[in-house]
Amino acid sequence: MKELLRRYGLTLTISFIVIVAFWLLVLVILPYIYLFEASFRLYLPIDQVNGPNDVYTLSNYSTFFVTPIHRWVFLLTIVYSSAVAAISFVVAYPLAYYLSKVATNKIVPTLFLIIMIPLWVSEILRSFAWFIILSLKGPLNFALVGLGIIEEPIRWISGFQSVIIGLVYTYVLFMLFPLYNAIQSLDTNQIEAAGDLGAPWWKIHWRVILPHAKPGIASGSVMVFMLSAGSILVPSLLGSTNSRWFTEIIQQWMFESQDWNTGSAYAFLLLLLCTGFVSLVMRLFRVSLSDIAR
Amino acid sequence: MISKTSRIILNVYVAAFLIYLLAPLIIMGGAAFNDSRFPSVYPWVGWTDRWFLDLFRDTRMWNAFKNTILVALAVVAISVPIGTAAAILVNSLQGRVRTVLYGMMVAPILTPGAVIGISTLLFWHHFSVPSGLHLSTLGQCSYISAFVMLLVLARLQSFDRGLEEAALDLGASYSQVLRRILLPHLYPAIGAGAAIAFFQSIENFNTTLFTRGPYDTLTVYVFSRVRSGITPTINALALIMIAVTLLAAISYEIYRRRHEKVLLARGRGNPDSD
Chain A
87 MKELLRRYGL TLTISFIVIV AFWLLVLVIL PYIYLFEASF RLYLPIDQVN
137 GPNDVYTLSN YSTFFVTPIH RWVFLLTIVY SSAVAAISFV VAYPLAYYLS
187 KVATNKIVPT LFLIIMIPLW VSEILRSFAW FIILSLKGPL NFALVGLGII
237 EEPIRWISGF QSVIIGLVYT YVLFMLFPLY NAIQSLDTNQ IEAAGDLGAP
287 WWKIHWRVIL PHAKPGIASG SVMVFMLSAG SILVPSLLGS TNSRWFTEII
337 QQWMFESQDW NTGSAYAFLL LLLCTGFVSL VMRLFRVSLS DIAR
Chain B
1149 MISKTSRIIL NVYVAAFLIY LLAPLIIMGG AAFNDSRFPS VYPWVGWTDR
1199 WFLDLFRDTR MWNAFKNTIL VALAVVAISV PIGTAAAILV NSLQGRVRTV
1249 LYGMMVAPIL TPGAVIGIST LLFWHHFSVP SGLHLSTLGQ CSYISAFVML
1299 LVLARLQSFD RGLEEAALDL GASYSQVLRR ILLPHLYPAI GAGAAIAFFQ
1349 SIENFNTTLF TRGPYDTLTV YVFSRVRSGI TPTINALALI MIAVTLLAAI
1399 SYEIYRRRHE KVLLARGRGN PDSD
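So the protein lines, in turn, are chains A and B. So the first sequence is numbered by this note's numbering: it starts at 87 and just counts up by one. So the second sequence is numbered by this note's numbering: it starts at 1149 and just counts up by one.
Hints listed in this document are in silico derivations from the structure and should not be mistaken for laboratory results. Small disclaimer: the values here were computed from a predicted structure and weren't measured. Careful: at least some of the hints might be erroneous.
As the list claims (entries may be wrong) - Some residues of chain B that are not near chain A, with every Cβ distance over 12 Å (derived):
(1) Asp1183
(2) Arg1198
(3) Arg1205
(4) Asn1211
(5) Leu1221
(6) Leu1281
(7) Leu1316
(8) Tyr1363
(9) Leu1411
Stated by the list, open to error - Taking lysine to aspartate or glutamate and the DMTMM-like style, the derived pairs with C-alpha atoms no more than 20 Å apart in a straight line are:
(10) A:Lys300 - A:Asp273
(11) A:Lys289 - A:Asp273
(12) B:Lys1152 - A:Asp282
(13) A:Lys192 - B:Glu1401
(14) A:Lys187 - A:Asp273
(15) B:Lys1214 - B:Asp1202
(16) A:Lys223 - A:Glu237
(17) A:Lys88 - B:Asp1317
(18) A:Lys300 - A:Asp377
(19) B:Lys1152 - A:Glu278
(20) A:Lys223 - B:Asp1183
(21) A:Lys187 - A:Glu278
(22) A:Lys88 - B:Glu1312
(23) A:Lys88 - B:Glu1313
(24) A:Lys187 - A:Asp282
(25) A:Lys289 - A:Glu278
(26) A:Lys192 - B:Asp1197
(27) A:Lys223 - A:Glu238
Unchecked claim - Example chain A residues on the side facing chain B (calculated, C-beta under 10 Å, incomplete):
(28) Val104
(29) Leu110
(30) Tyr118
(31) Ile295
(32) Ala315
By construction, the Cβ of each residue, glycine as well, lies at the ideal position given by its N, Cα and C atoms.
Please work from the sequences and hints to get the whole structure.
In structure tokens form, the structure reads like this:
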């Protein structure tokens, strides 16, 4: 504080603080508090709001706990989002290793440019692309039948498989970049030393590179999990009736039932889930928030 | 350091990964020219440009396009100053206060967009502000500002504070120091932050969905088109968006390489500089 005053004077310091206070209070903290508050109130007709029936209650949350299908969907969302994070790690790790330790410095910027392209294409178009590919009369089935690999077209968009395919495609880059940054910062001499001392390649990865990449793994998993669990587009485009996602239930409360109070209770549960996941990962990997947010 | 076979395997893997990343986009773009009612590249029915004509005739699309650009510009205008001020503030704090403040600032990045959207909606509803694009803008700013903050904060690490002190000692006013010394150093990060804010805003769906009220943005438009019956007009739109993106990316890359060459040439001419 003192330093701020010394460096920028009173007027500027005050304006910085006012701007940041506006952001954190009006755009972040107060909305969360109102969400929290609304989740304990009942959804009432407009003339009863602030009337005797407008009391604080846990009933929005108990709705969640007494509706087995909602609990089940919540659980499945956790399981499948974790699976997406794990698959993304497996897919992205070799590439991150290649980009940071194997590829020559000349080719890396070009590779990055190509890899970045899907990132600039919006999420909805990326899931739409997979919707086309996986559809019953889509190119994948035509190609597989044409090559004689399968006899009958497969109904890809059913159950969670298509949702997982779509989520991995959409979010794998959020795993790749933190992994790349983490492996990049490892001294190549350490890898060479391990090799010279006779370590087999898998041991080099297991004992040298992976431990060093921990902050990257943590940050990638948190991002992929959070984005997957909170995704609306992918599950509603690539999902079917037998693969519901928790965000779809929130949407139902908000739009179909117009019950914003129960909707906010469910949204708060989703927030709780993501916060819980972040702190769990921070603990497991022993990293701090500044390692995760990059 | 790495054996020949594993290098070949890695190369094959990288090539496969790139195909995996790009093939869906190519298929989606190709379907825009196929004269088949369902968007697909195979079987190929025939070449057509009617999906593009359909798209350009769609007034709802143009309206959504206009809204998207307006929101994106507003988000840039709000989140860039916020992110920059926040980075400067955090950078001159230490200890616990810094940790807590930093945590609050990055929290919106780790929050699902739906939660941000719903909480923004409820908060402003409390003050009888109806939903609409203004709320989408504010909701998006709450987390996009954090991206700008992180970019500017990273750039601040390479800032020589001696320059500020020197300017102050030589009699510059505080606002002069900010305008002439600090901000020019931060411009690259601020520019990158503005670009990211713009693209993030265009892409945003989750936050916008809950706050938009009756208004359309491009993502919402595409979403409702996909749900209400797909025609390849969406592929036409997708192809245009990808083309614009590619053009921007390539011109940036050309600019970067040229810039690098200039730096290299300068480095050769004058061995003292780097």
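Status of each hint after checking the structure:
In this structure Asp1183 of chain B is separated from chain A by more than 12 Å, as the shortest Cβ-Cβ distance comes to about 15 Å. For Arg1198 of chain B, the condition that its CB be more than 12 Å from all CB atoms of chain A holds, with the nearest at approximately 18 Å. Every Cβ of chain A is farther than 12 Å from the Cβ of Arg1205 of chain B; the closest lies at roughly 21 Å, confirming the non-interface assignment. Distance check for Asn1211 of chain B against chain A: the nearest CB is about 18 Å away, which clears 12 Å, and the non-interface claim stands.
Every CB of chain A is more than 12 Å from the CB of Leu1221 of chain B (nearest about 17 Å), matching its label as outside the interface. For Leu1281 of chain B, the non-interface assignment is confirmed: its Cβ lies about 16 Å from the closest Cβ of chain A, beyond the 12 Å cut-off. The beta carbon of Leu1316 of chain B is not kept farther than 12 Å from every beta carbon of chain A, the shortest such distance being approximately 8 Å. The beta carbon of Tyr1363 of chain B sits about 15 Å from the closest Cβ of chain A, which is more than 12 Å, so the claim that it is off the interface holds.
The non-interface label for Leu1411 of chain B is consistent with chain A: the shortest C-beta to C-beta separation is roughly 14 Å, beyond 12 Å. For a cut-off of 20 Å, the pair hint linking Lys300 of chain A to Asp273 of chain A stands: about 15 Å separates their Cα positions. Our distance criterion of 20 Å between C-alpha atoms is met by Lys289 of chain A and Asp273 of chain A, whose separation comes to about 17 Å. At most 20 Å may separate the alpha-carbon atoms for a hinted pair to count; Lys1152 of chain B and Asp282 of chain A meet this at roughly 16 Å.
With a CA separation close to 13 Å, the supplied pair Lys192 of chain A and Glu1401 of chain B stays within the 20 Å bound. Distance hint between Lys187 of chain A and Asp273 of chain A is fulfilled; the C-alpha atoms sit about 10 Å from each other, no more than 20 Å. Between Lys1214 of chain B and Asp1202 of chain B the CA atoms are separated by roughly 18 Å; this keeps the pair inside 20 Å, and the hint holds. For the proposed pair Lys223 of chain A and Glu237 of chain A, the alpha carbon gap of about 14 Å is at most 20 Å, so the pair holds.
Between Lys88 of chain A and Asp1317 of chain B the CA atoms are separated by roughly 18 Å; this keeps the pair inside 20 Å, and the hint holds. Annotation: proposed proximity of Lys300 of chain A to Asp377 of chain A holds, straight-line Cα distance about 10 Å (limit 20 Å). For the suggested pair Lys1152 of chain B and Glu278 of chain A, the alpha carbons sit about 15 Å apart, so the restraint of at most 20 Å is met. A distance of roughly 15 Å separates the Cα atoms of Lys223 of chain A and Asp1183 of chain B; the hinted pair therefore holds under the 20 Å criterion.
At most 20 Å may separate the alpha-carbon atoms for a hinted pair to count; Lys187 of chain A and Glu278 of chain A meet this at roughly 11 Å. Distance hint between Lys88 of chain A and Glu1312 of chain B is fulfilled; the C-alpha atoms sit about 16 Å from each other, no more than 20 Å. Using a Cα cut-off of 20 Å, the hinted pair Lys88 of chain A and Glu1313 of chain B holds, with the two alpha carbons roughly 15 Å apart. A distance of roughly 17 Å separates the Cα atoms of Lys187 of chain A and Asp282 of chain A; the hinted pair therefore holds under the 20 Å criterion.
For the proposed pair Lys289 of chain A and Glu278 of chain A, the alpha carbon gap of about 12 Å is at most 20 Å, so the pair holds. A threshold of 20 Å between alpha carbons decides the hint, and for Lys192 of chain A with Asp1197 of chain B the separation of about 39 Å lies outside it, so the pair is violated. Simply put, Lys223 of chain A and Glu238 of chain A have alpha-carbon atoms about 11 Å apart, close enough for the 20 Å limit, and the pair holds. Below 10 Å, beta-carbon pairs count as interface contacts, and Val104 of chain A has one with chain B at about 9 Å; its hint therefore holds.
For Leu110 of chain A, the interface hint holds, since its Cβ comes within 10 Å of a Cβ in chain B; the closest pair sits about 6 Å apart. Restraint check, Tyr118 of chain A versus chain B: the minimum CB separation of about 5 Å is within 10 Å; hint holds. Because the smallest distance between the Cβ of Ile295 of chain A and any Cβ of chain B comes to about 12 Å, over 10 Å, the interface hint for this residue is violated. Of the supplied interface hints, the one on Ala315 of chain A holds, with its beta-carbon coming within about 7 Å of a beta-carbon of chain B, less than 10 Å.
When each numbered hint is compared with the structure, violations occur for hints 7, 26, 31.
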